[in-house]
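Number of protein chains: 2
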Amino acid sequence: MEQLKKITLTEQEMPTQWYNIVADMPTRPLPPLNPATREPATREDFYPIFARELVEQEFSTEAFIEIPEEVQALYRMWRPTPLVRAYGLEKALDTPAHIYFKNESTSMAGSHKPNTAIPQAYYNYRQGIRRLTTETGGGQWGSALSFAARHFGMDLTVFMVRVSYGQKPYRGLMMRTWGAEVVPSPSTRTAAGRRVLEHEPESPGSLGIAVSEAVEMAAGDPETNYAIGSVMNHVLLHQTVIGEEALRQMEKAGEAPDVVIGCFGGGSNFAGIAFPFLRERLRGRMATRIVAVEPESCPKLTQGEFRYDYGDEAGLTPLFPMYTLGHDFTPAAIHAGGLRYHGAGSLVSQLLKDGLVEAADMPQLETFEAGVLFARTEGIIPAPESTHAIAQAIREARRAREEGRRETILFNLSGHGLVDLYAYEQYFAGRLR
Amino acid sequence: MEQLKKITLTEQEMPTQWYNIVADMPTRPLPPLNPATREPATREDFYPIFARELVEQEFSTEAFIEIPEEVQALYRMWRPTPLVRAYGLEKALDTPAHIYFKNESTSMAGSHKPNTAIPQAYYNYRQGIRRLTTETGGGQWGSALSFAARHFGMDLTVFMVRVSYGQKPYRGLMMRTWGAEVVPSPSTRTAAGRRVLEHEPESPGSLGIAVSEAVEMAAGDPETNYAIGSVMNHVLLHQTVIGEEALRQMEKAGEAPDVVIGCFGGGSNFAGIAFPFLRERLRGRMATRIVAVEPESCPKLTQGEFRYDYGDEAGLTPLFPMYTLGHDFTPAAIHAGGLRYHGAGSLVSQLLKDGLVEAADMPQLETFEAGVLFARTEGIIPAPESTHAIAQAIREARRAREEGRRETILFNLSGHGLVDLYAYEQYFAGRLR
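Sequences listed follow chains A and B, in order. Letter by letter, the first sequence follows residues 0 to 432 in numbering that gives the first Met the number 0. Letter by letter, the second sequence follows residues 0 to 432 in numbering that gives the first Met the number 0.
Read the hints as simulated data drawn from the structure, not as lab findings. Among the clues, some could well be false.
All copies of an identical chain are treated as equivalent in the list; a pair is satisfied when it fits inside any one copy or across any two copies.
Claimed, not checked - Quick list of in silico lysine-lysine cross-link-like pairs, BS3-like style, CA-CA up to 30 Å:
#1 Lys352 with Lys90
#2 Lys4 with Lys352
#3 Lys352 with Lys251
#4 Lys251 with Lys4
#5 Lys352 with Lys5
#6 Lys90 with Lys5
#7 Lys251 with Lys5
#8 Lys4 with Lys90
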């Protein structure tokens, strides 16, 4: 019998609970603050734009939260996702390391984002909300929410960072095919957008600005809520299905990872793969390292400051404790649009501060080099975001070879890059630095 | 327990043999003819541009042919593919029918094409061939072969039909990311291309012309062979892994299909899903109908003539018995580039002539309408080719509702449309007829 290429689970083996790491954190994260009073924000502060059940989850300290049956049924459209042994990449690197990746690119939107898009749409729908707004950077989140909103018969307006809107025309088309409205941000639709355009008519936009626009639109209408693709606790919570599946799959493979790697924008795919493994470590059942990989040009984890900051450019959100480059930071127009965010979510920020996770930064050229090697050895053209995790896995595999250690490396392939091929074209043309 | 959304197989349950329908055909297909002598072509006529093992398969009358271990290992990169119950689509159609689809969009190239790209590259590599040439219409075949050739360290030149090259820039980028050379056809690289350009400098190209170019280049160099994405017996043979898996999966689901549907260009994805079910019918174990769906604008099955014709525009290939619109037919520039071919493969042509399979034609607008409904209910944006099968499945499901029959419908989702979103843009803009 040949060794398995993919370690799979049946639909019956899928996790039925999300994991909330707050329950196991040695230091609980500081509370968000009401921006007006600077007092700890209450659930009520979030109700105007978030479904109540999501706010409950945001504040929860329970370790496990049941996944509603209807969400489980929708997860089964593409989950469980395969855990893949990267034999081809291992061979190309001539490494003694075993490299595994969790393939989250197999969803309808081509990324991990539907894991939270579906429950967010579900809870809002259940509460009678008719319309959602959101922002999107690379477009993965906006695509995922477009399908989810459509499934529950809700309208959706997506504010897409202008530079990504131009770089990734197919992302807008995906969202429209699923029936969403897509608006390049900054736009004239909101006060926040107009203010930016006044000062900088050619503004490339940023996730921070797009969040401001989406939040402003949701806040102005009781039948409209806002949905967010990363950063907040409830989003990271939903993504833990990735790691819960991967835990069972690594067990089936008979291996425990020495290192677990995720690329890092706001924290959602990283937390998704990492938190269940980190729980095992915190509970003394595993000794794995956990590494978050960010772009060199947006280095909040490695060079940011730990302090309270806004989640958006205009300062409409509560203040969150985070590693931040400042909420008015406009990152360079690198192609990993999903990683171009000024701050890190509170949970990961606290874990980093406490030394429980590591951070690494990665130059853009190294990420594309890794992406092309991966495409040619494992067949999947990765999203520019995911190439950051691949590049770190390659660094770890090379280190293992130098040290002569048979390590086990696990990374999250958060998405494929078929809708981001323009970025590869630029790379091949030598136009990237 | 909820009903399963996906019926899956383990890697251990994958078929280890391809199925060759010639063994079960009541009328064997007429032989190909040497174009010079008009005598039945021999194996030797094919050796200059095809690997010997592939020629063996082309002429074989054995029912089952072993899949080499190395090919099986590569299939495991994405196979077995899921069989999915289209609950969302059923609900939208309010039909008593059960609709299943085989999801071939989960491969690295996003379609069923790697099923034959990998064995073709493998047999050529084993024979010491250094370089392959091929043609591609929609780009799915060219993409798949790009990865396969790269895996075995072979160079690849892809002649891509010019109109598709313009409509689908991302397809060219995929091929380049995997390391292939992509040339819009007709080109000045070959005599066949130059001749077309002389008469029609703005020629949009056709699959027939692109085949001529690829064949001419391969014929001129002993270290170069030609690979083909559809039509020929050995290609259809390799694709039967689709139907062999689907047979096992339908059995797991406890259902037998009343109708099996595939879109039809040259016959590869259609034969892939259909032939194993047709075998069961020919052997008296099943009573399923089999339907091939072609575009209204390229109606060789429904309106073509059954006769000997060339596989390419310039008449470089042997003559094959086929339903054909004439080898110099240039189809309209519809978006289902993979279906724009003048002829049908010999096997399907003979089966159609003998009344063992049915054919239907489909107008372009109905296919996109079906594609958008599928995207919004099942989450997957289908390739323009695959929308033809979906549109037929919808017709069958509506008929079942009218007749009050609880039928079981199975279609092949041959690929996703993420790299073909321009076509959807044109559809939404009302620019398609």
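Each hint, compared with the structure:
| no. | hint | in the structure |
| --- | --- | --- |
| 1 | Lys352 with Lys90 | neither (36 Å within a copy, 50 Å between copies) |
| 2 | Lys4 with Lys352 | neither (37 Å within a copy, 42 Å between copies) |
| 3 | Lys352 with Lys251 | neither (33 Å within a copy, 51 Å between copies) |
| 4 | Lys251 with Lys4 | both (13 Å within a copy, 23 Å between copies) |
| 5 | Lys352 with Lys5 | neither (35 Å within a copy, 42 Å between copies) |
| 6 | Lys90 with Lys5 | within (17 Å within a copy, 33 Å between copies) |
| 7 | Lys251 with Lys5 | both (11 Å within a copy, 21 Å between copies) |
| 8 | Lys4 with Lys90 | within (14 Å within a copy, 36 Å between copies) |
Checked against the numbered hints given earlier, the structure breaks hints 1, 2, 3, 5 and satisfies all the rest.
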